[in-house]
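There are 2 protein chains.
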Amino acid sequence: MSVVPEFLAANQKYASTFNKGSLPLPPGRKVAVVACMDARLDPARALGLEEGDAHVIRNAGGLVKDALRSLVISEQLLGTKEIVILHHTDCGMLTFKQEDAVAAVKKNIGQDASHIDFQPFPDLEQSVRDDVAFLKSNKLIPDDIKIWGGIYEVETGKIREVK
Amino acid sequence: MSVVPEFLAANQKYASTFNKGSLPLPPGRKVAVVACMDARLDPARALGLEEGDAHVIRNAGGLVKDALRSLVISEQLLGTKEIVILHHTDCGMLTFKQEDAVAAVKKNIGQDASHIDFQPFPDLEQSVRDDVAFLKSNKLIPDDIKIWGGIYEVETGKIREVK
Numbered sequence: 103m104s105v106v107p108e109f110l111a112a113n114q115k116y117a118s119t120f121n122k123g124s125l126p127l128p129p130g131r132k133v134a135v136v137a138c139m140d141a142r143l144d145p146a147r148a149l150g151l152e153e154g155d156a157h158v159i160r161n162a163g164g165l166v167k168d169a170l171r172s173l174v175i176s177e178q179l180l181g182t183k184e185i186v187i188l189h190h191t192d193c194g195m196l197t198f199k200q201e202d203a204v205a206a207v208k209k210n211i212g213q214d215a216s217h218i219d220f221q222p223f224p225d226l227e228q229s230v231r232d233d234v235a236f237l238k239s240n241k242l243i244p245d246d247i248k249i250w251g252g253i254y255e256v257e258t259g260k261i262r263e264v265k
Numbered sequence: 103m104s105v106v107p108e109f110l111a112a113n114q115k116y117a118s119t120f121n122k123g124s125l126p127l128p129p130g131r132k133v134a135v136v137a138c139m140d141a142r143l144d145p146a147r148a149l150g151l152e153e154g155d156a157h158v159i160r161n162a163g164g165l166v167k168d169a170l171r172s173l174v175i176s177e178q179l180l181g182t183k184e185i186v187i188l189h190h191t192d193c194g195m196l197t198f199k200q201e202d203a204v205a206a207v208k209k210n211i212g213q214d215a216s217h218i219d220f221q222p223f224p225d226l227e228q229s230v231r232d233d234v235a236f237l238k239s240n241k242l243i244p245d246d247i248k249i250w251g252g253i254y255e256v257e258t259g260k261i262r263e264v265k
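Quick mapping for you: the protein sequence lines, in order, are chains C and R. Quick note, the first sequence lines up with residues 103 to 265 if you use my numbering. Quick note, the second sequence lines up with residues 103 to 265 if you use my numbering.
Since the hints were made in silico from the structure, they are not lab data. Please note that a few of the clues may not be correct.
Each computed DSBU-like pair below joins lysine-lysine, with the alpha-carbon atoms no more than 35 Å apart [claimed, not checked]: (1) C:LYS238 to R:LYS260; (2) R:LYS199 to C:LYS241; (3) R:LYS132 to R:LYS238; (4) C:LYS183 to R:LYS209; (5) C:LYS183 to R:LYS260.
Please read these numbers as outputs of a predicted model, since none were measured by experiment.
Start from the sequences and build out the full structure, keeping to the hints where you can.
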């Protein structure tokens with residue numbers, strides 16, 4: 103059983119009323135959102151994004167180190183001027199350490215994953231501060247790019263700033 | 103001028119009717135979607151995803167090489183069993199080469215970005231095939247994980263399979 107037939111049926115419905123076929127490639131609101139891949143977070147709904155508004159970059163944790171290639175393309179080739187980082191409560195990245203991930207892969211599928219930096223973090227607010235600091239100190243992210251970091255609460259749907 | 107005040111206002115509205123505060127951490131539909139960061143593609147709307155359904159991993163191009171850390175976490179720590187790859191028509195990754203990206207960064211902000219592999223691709227359908235093949239041959243993605251690759255048409259909202 104695959105979810106693909108359900109996805110394609112849902113897509114047929116989406117496409118049947120689709121009226122956004124002439125949007126330009128560069129994001130209209132000149133922003134890139136970096137958010138966790140978590141299933142409970144829908145950045146578009148949670149931030150009021152429509153098709154065409156913003157680049158949305160997502161990975162496990164919403165970590166900017168994994169997003170650097172995409173951010174440079176977003177800014178230097180497609181004109182975005184702002185980065186919004188969204189981590190979230192109850193994140194899976196808070197629940198394991200590097201050695202736990204390596205051990206789980208070994209146990210589950212017998213493979214060595216020690217070459218992958220899984221980048222777990224023990225403190226949610228600090229993880230946002232660290233990501234803001236990483237971008238602010240990175241020479242590929244120029245000083246005129248605005249950077250904002252916040253936390254999405256999966257319990258309430260609310261977003262709050264991390265200072 | 104920042105988009106953040108608008109994002110927070112939209113979020114207040116979203117949170118005011120939020121009723122999904124008790125969803126479990128593992129994705130309900132046991133699938134991870136890997137899609138491009140493109141502003142015109144909203145994977146949740148285009149595939150019929152609700153909060154809690156699926157991991158959504160996004161980067162420039164929707165390239166699986168950048169997503170490997172996230173996919174291993176998704177499968178081995180959070181129980182997903184399927185990967186859906188979505189590239190799309192009119193993708194920015196079709197419009198430049200590695201040397202163009204390095205030159206743009208040098209021209210725009212005076213920095214050397216030659217250490218970043220920007221991973222542009224010249225052929226859209228082949229880029230999907232390459233990503234499916236990359237995952238199928240990667241030892242960290244076991245054989246029982248279903249993998250499907252398709253293209254989202256930004257002109258029509260439709261998704262089609264790449265074989």
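How the hints compare with the structure:
1. Distance hint between C:LYS238 and R:LYS260 is unfulfilled; the C-alpha atoms sit about 38 Å from each other, more than 35 Å.
2. Of the pairs offered as hints, the one joining R:LYS199 and C:LYS241 holds, with about 22 Å between alpha carbons and a cut-off of 35 Å not exceeded.
3. As the CA atoms of R:LYS132 and R:LYS238 are separated by approximately 18 Å, the hinted pair is consistent with the 35 Å bound.
4. Straight-line distance between C-alpha atoms of C:LYS183 and R:LYS209 comes to about 17 Å, which keeps the hinted pair within the 35 Å bound.
5. With a C-alpha separation of about 30 Å, the suggested pairing of C:LYS183 with R:LYS260 holds against the 35 Å cut-off.
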